[in-house]
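**Q** What follows is the residue order along each chain.
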Amino acid sequence: MPSFFNKGFGRRREPAASDRIPPGQYETRDFPVLTAGPTPRIPLTTWSFALDGLVETPMQWTWEQFNDLPHQSFTKDIHCVTKWTRLDTKWEGVSIDTLLEHVQLKPEARYVMAYAYGDYTTNIPLDDLRHGKAFIGLRFEGLPLAPEHGGPARLVVPHLYFWKSAKWIKGLRFMESDKPGFWERGGYSMYGDPWKEQRYRSDD
Amino acid sequence: MKKIQWQIASVKAIVQETPRVKTFTLQLPDWIPHLPGQHYDLRLTAEDGYQAERSYSIASPPEQTDEIDLTIELIDDGEVSSYLHDGITVGDPLEVRGPIGGYFVWKDTMATEPLVLIAGGSGVVPLMAMLRHRAQIGATNPTVLLFSVRMDNGVIYQQELERLAEQNTNFRLLLTFTRQPPNGWTGYQRRIDKEMLQEVMAPLNGQPNCFVCGPTLLVEQVASALVDVGLPFERIRTERFGPTGT
Numbered sequence: 001m002p003s004f005f006n007k008g009f010g011r012r013r014e015p016a017a018s019d020r021i022p023p024g025q026y027e028t029r030d031f032p033v034l035t036a037g038p039t040p041r042i043p044l045t046t047w048s049f050a051l052d053g054l055v056e057t058p059m060q061w062t063w064e065q066f067n068d069l070p071h072q073s074f075t076k077d078i079h080c081v082t083k084w085t086r087l088d089t090k091w092e093g094v095s096i097d098t099l100l101e102h103v104q105l106k107p108e109a110r111y112v113m114a115y116a117y118g119d120y121t122t123n124i125p126l127d128d129l130r131h132g133k134a135f136i137g138l139r140f141e142g143l144p145l146a147p148e149h150g151g152p153a154r155l156v157v158p159h160l161y162f163w164k165s166a167k168w169i170k171g172l173r174f175m176e177s178d179k180p181g182f183w184e185r186g187g188y189s190m191y192g193d194p195w196k197e198q199r200y201r202s203d204d
Numbered sequence: 001m002k003k004i005q006w007q008i009a010s011v012k013a014i015v016q017e018t019p020r021v022k023t024f025t026l027q028l029p030d031w032i033p034h035l036p037g038q039h040y041d042l043r044l045t046a047e048d049g050y051q052a053e054r055s056y057s058i059a060s061p062p063e064q065t066d067e068i069d070l071t072i073e074l075i076d077d078g079e080v081s082s083y084l085h086d087g088i089t090v091g092d093p094l095e096v097r098g099p100i101g102g103y104f105v106w107k108d109t110m111a112t113e114p115l116v117l118i119a120g121g122s123g124v125v126p127l128m129a130m131l132r133h134r135a136q137i138g139a140t141n142p143t144v145l146l147f148s149v150r151m152d153n154g155v156i157y158q159q160e161l162e163r164l165a166e167q168n169t170n171f172r173l174l175l176t177f178t179r180q181p182p183n184g185w186t187g188y189q190r191r192i193d194k195e196m197l198q199e200v201m202a203p204l205n206g207q208p209n210c211f212v213c214g215p216t217l218l219v220e221q222v223a224s225a226l227v228d229v230g231l232p233f234e235r236i237r238t239e240r241f242g243p244t245g246t
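Chains as they are written, first to last, in my numbering: chain Z, 1 to 204; chain Y, 1 to 246.
Just so you know, the hints here were simulated from the structure itself, not pulled from any lab data. Quick reminder that beta carbons are idealized off the backbone N, C-alpha and C, glycines included. Please note that a few of the clues may not be correct.
As the list claims (entries may be wrong) - Below 30 Å or equal to it, Euclidean Cα-Cα: the simulated DSS-like pairs (lysine-lysine) are:
no. : chain 1 : residue 1 : chain 2 : residue 2
1   : Y       : 107       : Z       : 7
2   : Z       : 196       : Y       : 194
3   : Z       : 76        : Z       : 90
4   : Y       : 12        : Z       : 106
5   : Y       : 22        : Y       : 107
6   : Y       : 12        : Z       : 7
7   : Z       : 179       : Y       : 22
8   : Z       : 83        : Y       : 107
9   : Z       : 179       : Z       : 83
Said to hold, decoys possible - Interface residues of chain Z toward chain Y, partial, derived using beta-carbon atoms under 10 Å:
no. : residue
10  : 10
11  : 39
12  : 41
13  : 43
14  : 89
15  : 92
16  : 118
17  : 130
18  : 195
19  : 196
20  : 200
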């Protein structure tokens, strides 16, 4: 029994899959939106995606070229730091492993800054993007990803809090050492593991 | 960095703001001055250890020391808001931690620049902290609150907002009713659109700092319309809540 509890408060309903819902999260079937500013408008004719920083030769794709890359389907649970968790979300996109086949990383590359249209950035350790752990999402639940959810393309790193899954992704910059991105500079966790409830920097 | 600790606050007062909205004044053993726009996390624990956590905007200004006001809307099927609305009385303990958030905040360095606040429903809460703080520091920057509400009895903080607008000629309060306006209402009666924003911003000199808070759909439309009327991206700060409906 906890040392402190709220009298009369109890679980309202059994979560569908409680072992898949991290501490402090609740399950939702909606897809809430959390963004710091207006939704950017990105014409597909000028859209581009780059891999740069600590690579031998930077790589850039147009929308057409990017869509010619092999696509995969992903079914993932996603967790937002604002406490909602959505189970079994269905995505289609390009695995980061696929993208990395097109560049040669310099050996000192260990961290990544994801950067986006609208100047959003977020930092992630390189190992957290490889080996099937992350992808660029292009379609959600069978439809092109809506602009307010990051369309035309967003990073998806399902095992971290969802602010790491940068909307309106524009590129990944490889770095030697870790640097805070947009929310991280504002006091949010450098890593963001939902299972450890790493919400704020002081939770790291 | 100092850990943002959980602490057990005591409910000092509860005010019914509208039929579905209550303000809880919490006395804090470890009160830390906040910036208007920041929030607190609130955690409920059941006897069996089950916990549920939500974030709530602070409504009170940092001048209100040793306590914070959290204004909370009752959400249908909301396990936390319904417990707070039905199960909490004055004197009860509540576990919170904060203040949190560094982006959707009105800083004193903005106090000389025009300010446009746009709220939908309970999105007015963090904006109220800004207006209360603004009044406390005696700022005279041109300020407007455009507040979209569904019906007559849904205007959170109505009397205080009207009083602020009477006392301070630099602050304009503009309401728009989207479903059911009060009898004899001659003001706006529609969703916030481009024309309304143009009218609201026209008297302001210079580019305002703009804070938009409310349900996702409203914030999406308003932020997008603000870009259309020529406000630069970096002047628009948003906070969204609720489902998208898409």
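**Q** Look at each hint and say if it fits the structure.
**A** Outcome of the hint check:
no., hint, verdict
1, Y/107 x Z/7, "violated (38 Å)"
2, Z/196 x Y/194, "violated (44 Å)"
3, Z/76 x Z/90, "holds (7 Å)"
4, Y/12 x Z/106, "violated (59 Å)"
5, Y/22 x Y/107, "holds (27 Å)"
6, Y/12 x Z/7, "holds (17 Å)"
7, Z/179 x Y/22, "violated (41 Å)"
8, Z/83 x Y/107, "holds (27 Å)"
9, Z/179 x Z/83, "holds (25 Å)"
10, 10, "holds (5 Å)"
11, 39, "holds (6 Å)"
12, 41, "holds (8 Å)"
13, 43, "violated (15 Å)"
14, 89, "violated (14 Å)"
15, 92, "violated (18 Å)"
16, 118, "holds (7 Å)"
17, 130, "violated (29 Å)"
18, 195, "violated (15 Å)"
19, 196, "violated (14 Å)"
20, 200, "holds (6 Å)"
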